[in-house]
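Take these sequences, add in the hints, and give me the full structure.
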Amino acid sequence: MPPSNPDPTDAELVDSFPYVQVDHDTKHFYRGWLERRLLVNRCGDCGHWHHPPKPVCPQCLSGSLEPTEVSGRGVIHLSMLLHQGPRAPGVDYVAGPHPVVTVELEEQAALRITTTLVDGPEAAAIGTPVELTWIERHGSPFPAFRTRGS
Amino acid sequence: MARNPIKDQVAIVGIGTTGFRRDAGGRSSASLGVEAAIAAIRDAGLTPADIDGITAVAEPGAPRPNQVAAMLGIPNVRHYASPSPVAVFGLVDAINAVFSGACDTALLLFSMLRLPWGSRSAAADPFRKHLGFGASVIPEMLMGAPAYAAWASRYVHEYGARREDFGYVALNSRTNAASNPLAAMRAPLTMDDYLSARMIRDPLCLLDMDLPVDGADAFVITTAERARDLRDDPVLIHAATVGLASEGDEDQLGGLSRTGQHVVVEQLKAKSDLWLDDVDVFFPYDGFTIITLGWIENLGFCGPGEGGKFLESHWDEKSGRALIDGRVPINPHGGSLSEGATRGSGHLREAVVQLRGDAGDRQVAGARTALVTPGGFFFNSQGVILRSG
Ligand SMILES: [Zn+2]
Numbered sequence: 020m021p022p023s024n025p026d027p028t029d030a031e032l033v034d035s036f037p038y039v040q041v042d043h044d045t046k047h048f049y050r051g052w053l054e055r056r057l058l059v060n061r062c063g064d065c066g067h068w069h070h071p072p073k074p075v076c077p078q079c080l081s082g083s084l085e086p087t088e089v090s091g092r093g094v095i096h097l098s099m100l101l102h103q104g105p106r107a108p109g110v111d112y113v114a115g116p117h118p119v120v121t122v123e124l125e126e127q128a129a130l131r132i133t134t135t136l137v138d139g140p141e142a143a144a145i146g147t148p149v150e151l152t153w154i155e156r157h158g159s160p161f162p163a164f165r166t167r168g169s
Numbered sequence: 002m003a004r005n006p007i008k009d010q011v012a013i014v015g016i017g018t019t020g021f022r023r024d025a026g027g028r029s030s031a032s033l034g035v036e037a038a039i040a041a042i043r044d045a046g047l048t049p050a051d052i053d054g055i056t057a058v059a060e061p062g063a064p065r066p067n068q069v070a071a072m073l074g075i076p077n078v079r080h081y082a083s084p085s086p087v088a089v090f091g092l093v094d095a096i097n098a099v100f101s102g103a104c105d106t107a108l109l110l111f112s113m114l115r116l117p118w119g120s121r122s123a124a125a126d127p128f129r130k131h132l133g134f135g136a137s138v139i140p141e142m143l144m145g146a147p148a149y150a151a152w153a154s155r156y157v158h159e160y161g162a163r164r165e166d167f168g169y170v171a172l173n174s175r176t177n178a179a180s181n182p183l184a185a186m187r188a189p190l191t192m193d194d195y196l197s198a199r200m201i202r203d204p205l206c207l208l209d210m211d212l213p214v215d216g217a218d219a220f221v222i223t224t225a226e227r228a229r230d231l232r233d234d235p236v237l238i239h240a241a242t243v244g245l246a247s248e249g250d251e252d253q254l255g256g257l258s259r260t261g262q263h264v265v266v267e268q269l270k271a272k273s274d275l276w277l278d279d280v281d282v283f284f285p286y287d288g289f290t291i292i293t294l295g296w297i298e299n300l301g302f303c304g305p306g307e308g309g310k311f312l313e314s315h316w317d318e319k320s321g322r323a324l325i326d327g328r329v330p331i332n333p334h335g336g337s338l339s340e341g342a343t344r345g346s347g348h349l350r351e352a353v354v355q356l357r358g359d360a361g362d363r364q365v366a367g368a369r370t371a372l373v374t375p376g377g378f379f380f381n382s383q384g385v386i387l388r389s390g
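Protein chains in written order, with the working numbering: chain A, 20 to 169; chain B, 2 to 390.
Heads up, a few of these hints could be off.
[Stated by the list, open to error] Derived Cβ-Cβ restraints for the label pairs, each shown as a range:
(1) A:141 x B:256: 22 to 30 Å
(2) A:153 x B:316: 48 to 56 Å
(3) A:73 x B:256: 34 to 42 Å
(4) A:154 x B:245: 32 to 40 Å
(5) A:109 x B:121: 29 to 37 Å
Rather than coming from a laboratory, the hints here were simulated on the basis of the structure.
Idealized CB from N, CA, C, for every residue including glycine.
Here it is, written out as structure tokens:
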């Protein structure tokens, strides 16, 4: 979705992300992607964060949830290097393995986002501090991480 | 003790299998399934008219219970269900149906086909185009299989695990498969072979992953009372459970110290009169080698992170496989890594064969108790203790 469309319809939103299932629980999360903002569900009552988006807070069962922008800073918690896998634009398994990292966000223990690391496979060690960046996937923004100084 | 009124009250009285092949050649899932089902019903000394319950596991492309009833001409079905894949979901459904009186004699059927997302040859087969199932559609998803490589990275990080630790699981399976004529992969394997195998999802390589296969397993299940009239070697279900920790997505799991496997172990231990020292033959799941190390550790054979060293220290150099305390083999049929990716039905079948004393060259002398723990860390951890009746 080009930035010139500030308020995409639900149909445009769904069409922007053909590789995931966007529904009424996840639509805010993916609308955030269109604006290059990582919005994670936070409970309006108890402040607990959770991901992926659920209809209630698993900590206190409140339905009062706020998609809330996170700092984007975190640490690599899981790291694998794909030597083969699903096809995706910009991913060339022949040129080298594709890193897939699960990053624990600084907002809360075990609050994690899984995506790729733009620095390449050598940089994808567990424990590495990273920060959010954005790449393109099928013409839409896609969150990724890059390393940062500790 | 946890409540377990079903203990020893339900029995497996029939087994049937097609064996497993990398390509069964021009056969449908229904064709494989019905062959195994007929064999299991005959093995029990019954006819289709004696079956009044059908649990047909919802593998992609597998026949539904109504199709099974139609193929076999089963006239009156009083219980039927299609549980998710991985063996004990189906087993628990069938045994509960028999124990409750919902039905008297259940057919439990697993029909497996190689799927396009996990097998290049399957992807090239036009008759399998309709078989979708749980595949990640972008590289950056952990859903299903990739989660095991991702969490294996954490296991390596936390425990300093060596590649050999995973390798022992692969070697053990392959050695055992050599004496199983039903197995798809029986060529010998060395640690050097393992270490030089192609990486797929580093830190896991090709030989850390189970082998996509075509084939089917079937079981006939009835009350222990009826079982004694049918045969002199029924296999009793002593305790069975599934287990789920609360995280709904693989990448949100709190850690390797609290998985579905831990829930299963707590439940089994609380339900069973028999535990690790009583076990004669052990069937930990091996869809990925990391899962086997998890079961060995979480059941308490050794501590966290020590699974590979446990296998090494219980390694029988002469036969090239693990024998716990020189006695208990692990997946003597070759498991999912080498017999083929049965999602646990092969483990369950071999447990029955061993407890009947019918395993021939690979028979564990005097086997009376089997521990079978299918499933991985997330949404299919499960376990069953079987004993000869
Ligand atoms: Zn809350």
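If you check each hint against the structure, which ones fail?
-> Structure breaks hints 3, 5.
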